[in-house]
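Position chain V against the provided structure of chain D, taking the given hints into account.
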Amino acid sequence: MKSRWNWLHQWASPRWFYRRSGACIPWCAVAAAGLLAVALVWGLAFAPPDYQQGDSFRIFYIHLPAAVLAQSVFAGMAVAALVVLVWRVKLADLFIRAAAPFGASMTALALGTGAIWGKPAWGTWWEWDARLTATLVQFFLYLGVIGMHGAFGSTRTGGRAAALVCVLGALNLPIIKFSVNWWHTLHQPATFTLTAPPAMPAEMWLPALVAVLGFYALFAAVVLFQMQSEILYRERHTDWVRRLVDGAA
Amino acid sequence: MRPVRRRRLLALLGLVVAASLALGLVLYALRQNINLFFTPSQIVAGVVPLNQRLRVGGLVVPGSVERAPDSLAVVFLVTDTAATVPVTFEGILPDLFRPGQGVVAVGRLDAQGTVRAEQVLARHDENYQPPEVQRAIEQARPPDADEY
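Chains as they are written, first to last, in the working numbering: chain D, 1 to 249; chain V, 1001 to 1148.
Bound-form chain D, shown alone (with noise of 0.2 Å):
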């Protein structure tokens, strides 16, 4: 038991998170690239198109991915800021400083796409849909902690007051989800469910599965990479990221 702990707390130290997820970024960068040249060429060249919607269905291959990891990413923020308000986790907060901009960029880019397909199937650009209106508070919501990091004199006040709005914007969370469910809305309900197989032929949402992978492959090398500058930046008047500085130079 002792020993379990111990491994645990080997991967809150900076240092030995610096050193293990180093050897991590590349492998998920390599995964990224493929996964998604392999989910966007499938998908935006050889799926089939939709019956109804003919080729415009086929930015659900970005649009999909994109708004899986704008409510998963926060998600996670939420568990990691959990971590840094009753355990005082440096590297959690490390993690949700990394992911706050990328979270922000899915959210933008699910919004986006969805204006741009909602144009040509619906007939807007933009309605003030239950769904759509949840997803544009999410993006504040990802601001909001971005801008709770800097509004601070202290990394620390900073770094909990961003931790809580995460913990508190989570209950958003569940408004996205089931806003389809709860109230009449333009956006269609999920075409995937974790109860019943997609409303989709395989050729169809198999490069979407692939897509999502890809861009989780690519928030883990994005994350850990500005993970590891910011180690770096907060370590800077340590022995070890000296000495790391010096043998690199």
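What the hints contain is simulated information worked out from the structure, not anything from laboratory work. If you're wondering where the values come from, they're calculated on a predicted model, not measured in any experiment. A portion of the hints provided could be inaccurate.
One side only, chain D facing chain V, incomplete, derived with CB under 8 Å [what the hints assert, rightly or not]:
1. Leu-44
2. Pro-48
3. Pro-49
4. Tyr-51
5. Phe-57
6. Ser-72
7. Ala-98
8. Thr-124
9. Trp-125
10. Trp-126
11. Leu-168
12. Leu-171
13. Pro-197
14. Ala-199
15. Met-200
According to the in silico footprint, chain D covers these stretches of chain V (three or more CB under 8 Å from chain D) [what the hints assert, rightly or not]:
16. 1003-1012
17. 1032-1041
18. 1044-1054
19. 1068-1082
20. 1121-1132
Label pairs and their calculated CB-CB ranges [to be verified]:
21. V:Ala-1082 <-> D:Asn-181: 14 to 22 Å
22. V:Glu-1118 <-> D:Ala-37: 27 to 35 Å
23. D:Gln-10 <-> V:Leu-1010: 57 to 65 Å
24. V:Glu-1126 <-> D:Asn-6: 42 to 50 Å
25. V:Asp-1095 <-> D:Ala-108: 21 to 29 Å
Cβ coordinates follow ideal geometry from the N, Cα and C atoms, glycine included.
Chain V only, in chain D's frame:
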């Protein structure tokens, strides 16, 4: 768990419970306003005010779409399968507008019970299909099958 951490965890959980309760009450109070559209049943039942901007959502009744020969004016019926409401519109309809398709019409309800739409939006469902699959389904279905 050390007492100080337990205290922080409990405080945080309390905060989350209180915030979800507040949010839940707000959403409950606003539940009618959050709905994007009224259903034809609600309009026929008279819960909808006259001459105010509203949205009505439902399926376009097949065979009900009448286009004017000399303008972009169009009249069609919208149904939720329980009640039906006529909608008039003048303008360009979205590509997905077709009989049997879900639509949301934005406009005003007049005294005759007709919705005078300023904008018509199309809904689509979560089921996507390649064209050949859809053709096969249509061929397999008897012609007098339920059209919704």
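Check your understanding: Among the hints numbered above, which are violated by the structure, and what are their numbers in rising order?
Key -> Those not satisfied are hints 1, 6, 7, 9, 10, 13, 18, 19, 22 and 23.
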